[in-house]
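Protein chains: 4
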Amino acid sequence: MRLVMIGLGRMGGNMARRLLQAGHEIVAYDRDEGAVAKLAEAGAIAATSLEDARGKAGSPAIWWVMLPHGEITDTTITAIAEHGAAGDIVIDGGNSFYKDDIRHARALADKDMHFVDVGTSGGVWGLERGYCMMIGGPDEVVRRLDPIFAALAPGAGTIPRTAGRDGNDTVDPRAEKGYIHAGPAGAGHFVKMVHNGIEYGLMQAYAEGFDVLKGKASDHLPEGERYDLNLADIAEVWRRGSVISSWLLDLSAQALAKDAHLDGFSGNVADSGEGQWTIEAAMEEAVPVNVLTTALFARYRSRVEHTFGEKVLSAMRFGFGGHVEMPQ
Amino acid sequence: MRLVMIGLGRMGGNMARRLLQAGHEIVAYDRDEGAVAKLAEAGAIAATSLEDARGKAGSPAIWWVMLPHGEITDTTITAIAEHGAAGDIVIDGGNSFYKDDIRHARALADKDMHFVDVGTSGGVWGLERGYCMMIGGPDEVVRRLDPIFAALAPGAGTIPRTAGRDGNDTVDPRAEKGYIHAGPAGAGHFVKMVHNGIEYGLMQAYAEGFDVLKGKASDHLPEGERYDLNLADIAEVWRRGSVISSWLLDLSAQALAKDAHLDGFSGNVADSGEGQWTIEAAMEEAVPVNVLTTALFARYRSRVEHTFGEKVLSAMRFGFGGHVEMPQ
Amino acid sequence: MRLVMIGLGRMGGNMARRLLQAGHEIVAYDRDEGAVAKLAEAGAIAATSLEDARGKAGSPAIWWVMLPHGEITDTTITAIAEHGAAGDIVIDGGNSFYKDDIRHARALADKDMHFVDVGTSGGVWGLERGYCMMIGGPDEVVRRLDPIFAALAPGAGTIPRTAGRDGNDTVDPRAEKGYIHAGPAGAGHFVKMVHNGIEYGLMQAYAEGFDVLKGKASDHLPEGERYDLNLADIAEVWRRGSVISSWLLDLSAQALAKDAHLDGFSGNVADSGEGQWTIEAAMEEAVPVNVLTTALFARYRSRVEHTFGEKVLSAMRFGFGGHVEMPQ
Amino acid sequence: MRLVMIGLGRMGGNMARRLLQAGHEIVAYDRDEGAVAKLAEAGAIAATSLEDARGKAGSPAIWWVMLPHGEITDTTITAIAEHGAAGDIVIDGGNSFYKDDIRHARALADKDMHFVDVGTSGGVWGLERGYCMMIGGPDEVVRRLDPIFAALAPGAGTIPRTAGRDGNDTVDPRAEKGYIHAGPAGAGHFVKMVHNGIEYGLMQAYAEGFDVLKGKASDHLPEGERYDLNLADIAEVWRRGSVISSWLLDLSAQALAKDAHLDGFSGNVADSGEGQWTIEAAMEEAVPVNVLTTALFARYRSRVEHTFGEKVLSAMRFGFGGHVEMPQ
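Protein chains in written order, with our numbering: chain R, 1 to 328; chain D, 329 to 656; chain B, 657 to 984; chain L, 985 to 1312.
Take the hints with a grain of salt, since some may be wrong.
[To be verified] Below, in silico cross-link-like pairs of lysine-lysine (PhoX-like), each with a Cα-Cα straight-line distance of 25 Å or less:
(1) 427/D - 1242/L
(2) 694/B - 712/B
(3) 439/D - 427/D
(4) 755/B - 767/B
(5) 99/R - 755/B
FYI, nobody ran anything at the bench for these hints, they're computed from the structure.
Start from the sequences, fold in the hints, and give me the full structure.
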């Protein structure tokens, strides 16, 4: 199939490459001409503008927008809606908020265009491993795009099958190839959002565990109760037959094998929005999500030297006990 | 009554003064001779050693130990047990762990001596306001010491009575004067321990709230959604008719009135053990105490620049996404 | 001053009464005619409709809207905007979301009308104790309404003054009477929102503490480490000289004095929106609010028999360990 | 090698089988004679008592104790110490508290016996997949037991190697085969304890995420913002190329494929001690572990209908607002 890829950053560029390798045709556009040129070398049709891309897109055109979430995605989809034709399909493959998807789907439907949202996981490894995709949109349109999704997805590969799926007509075989049609507009990004919420929680669980292991060497503990543990070996052994083996643990094992002190890492941990949206969604549902929330807040806290609240605590302690908190 | 006060620091010294003012006799001992001399000026009988105190204590002797919890309290109680006589009463008025009380009570009972544990709240304000006391020990002994507790306690004062206490034979009138006999050995310190656990939670609730108020002026928020709020006035107004009025809020209001930026406070917040013991007690009971725990952990976090766990997070993010966390 | 009170429920009715007692004139309107009649008996001018109220309001009219937040407040303010005249003042005294205030203020400004938002605390006790008020809006308009606010507020009363306010020109004397002008439109409700966020945290801190006290009698603990504590007396004694004395503790002491088992209370704890908004505001600011969040989530959890997540945990445990979780 | 296996439950029995399959000799003892008989059929030497086992153990004897942690493990190790001879090795392969290990090691050292602690992960899958082992004890003894550990461990298998281990002399090659020598006595169980702490956190992160997905179908949400998501397919797709793939997710996918409603599971989630010990260890180190703690507390909460604290909240809300919480 022919598909216009808009946004050739780390994610969009690699996805376009994987599609080219699978025999699809890519019309490539990015504001960065160098990125377009590089992809043209890999076999893509270069476009110099959205209008140019429109001309080269074929009909109906399939637009895959792969841009940072927020304003830039919004204005791009609006621009496509203006330039596009009835029957065109616009795919938002970025990390957009699912309520924006619902809005975009309605706006495009007014012009008889279709909207599909795709949440993808796999990070920089996707080109090689394939992309795990969670898709929202009209059933018929998602089915029409199946060759695209099948090419981007990891496929069944060597991962053992899950017991209980064979002959089970409540499940969808596409899930085993690495993509699902989650529901109507927004459902793809919603599932991806929760995925990231979970990701934060998992990461924080490992982080806290390694923190306790590391802290066990502290001079403040009684002698005879200290251990100077080899974190690289611990991460490695947990990969092998333990209940907590995971891909995130694999990555931790790699980092710790390189430098068990992780000296090169700042510890100022960013968050990308999905964690926050997951908490908001949970609150709309009145679902308690203590782990997901505390994982997000640990990131907030990591990025400041002190909160003002901590000074309030010091001030109160001085007030009732005359305690003076010493800078450390 | 005559009572030996051992430990004349901020707490012990002031309690001795309050007892003297009420007409009790105090035999005063501290390793710091200056502290003893100062209290002698206030009317106390100076003692130069435990042995000396023993001679001046009368019979049966009443020992009030007011020392930092841990080893020093332990060795002092052991020494008194050696020097003391059957019928003596040893009161631990410090912040000891209640399981240590149970142990002390058993050891003293072997010598026909009595043990009483007293948890006190009121901080540096106790001399003036009186001390709120939570007492553990044998009923008969606690009753015998009543003149001591009545003198130390705030008394009913002007605090409005609680509806539902009049003619209620399930409650104890001593509570309205500011002290209770909570139960057998350890019960006093147990109740005081939970008191401090709650204290941490309350403080953190206010701290977080002020943090949100302060953060509302941040440049990162959309213009038109920022407020530059007067925290001193907010703390003040909440003292007056709001649901969240409290003594801790009074102290916050004072600190914020002096300097709304709290620039003089480090924000490295100490904890004194009771918070941790409360969590341990809750876990023994399988009671979820999320607020009390998170309040304690906020203090731990306040005292370090970064946790190792945060570096683990940065390392994972680099691993799956190529993200580089920038120092800020 | 003359003021139209729209909404004569528990809050609006009592505020109208307090204003009447202070000599103000109240035009009273509610969809419930009985409520209007009752207030007329107390001296108010009855209105049968918004239009009717308009006629009786004087000019410029002052409208105090005291309705449940959400749609009903929104449509009422819109209706007043239609019926009102330039120069009119609309006060939203309910629990509205501060971003709605910003929107309302803009819509009314288009008609040269003024908008003021007032967050109030004090609950059912306000009629007697006075209302603690946090006010947002244009400075000149808030000053013009001062007689209203002064009448509703508790006034300085017998609450001790906060050290550091005398001669301090960074603070506002109105705070000591129980109301503040927090900032422009929305600032009043924003401060009230955070107030409620804190309230949830404080309540949960006490709740967890009492839970630990109660649980200490459990049969699961080793004999000799159990205490059967008198919670009514503990709550009472903490009111008297302890660091954690507060109005919420006073209320707890009352409830526990009536029935230490609290058998009449369901424990399905509602939340009113402000807690959630506080978390959202904190996330917009990237401020960690672990205590406020966990307090809100405890309420969510209290309202269901089991979360689905708990079944997921049971399922995983069965998966890796063959563990069967027994219903209890 | 010849080894006495004491305790032939699910874990001990399967480990003995795996050792027999690898050519080791097993003297098998359990209070349950049927368990002994079954293992004898699989090739083990049956023992009818500890004394009998002693006679058949060879010299020096190697004792592997595989019993529930606590009293039974304690008395068994004490009994072995009495019956054993200098040079014997006692291995505690259960889930003991690491401070008990330190105590056991000292007691055995007094009789010139050796103590080794082994934390194992892998659950009921270990017989087939091999056991992930974390070992504490004297270096020389752990090396002598290597054939045992190598037979129990999964071995390198097909799991991809971790980059950065080749030629890295700070890491131990045993980790890649699924076992590590973590440090002196107790270090094995300490690492296993933290492993389980992490496990609780990971499980809770998934549980909360699935809860949010499930809740998105709720009638309380605005129409047009609800999704009826297929949780079995979502779990499946996340196994394939996503950042959050893990063995725990594999298990969730299996459970959800069988029944997406998980109706057969009670949701009363047990905990086995290690979660609590991890929190205690973290508090001794002053390391904040919010995720691990909140995961444990979610299990406590899952096992009761209501906490007393929730009734306290209801009582306070009634006190200040007249709110009556309805049973649901």
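**Violated hints - listed by number, lowest first** = Of the numbered hints, just 1 does not hold.
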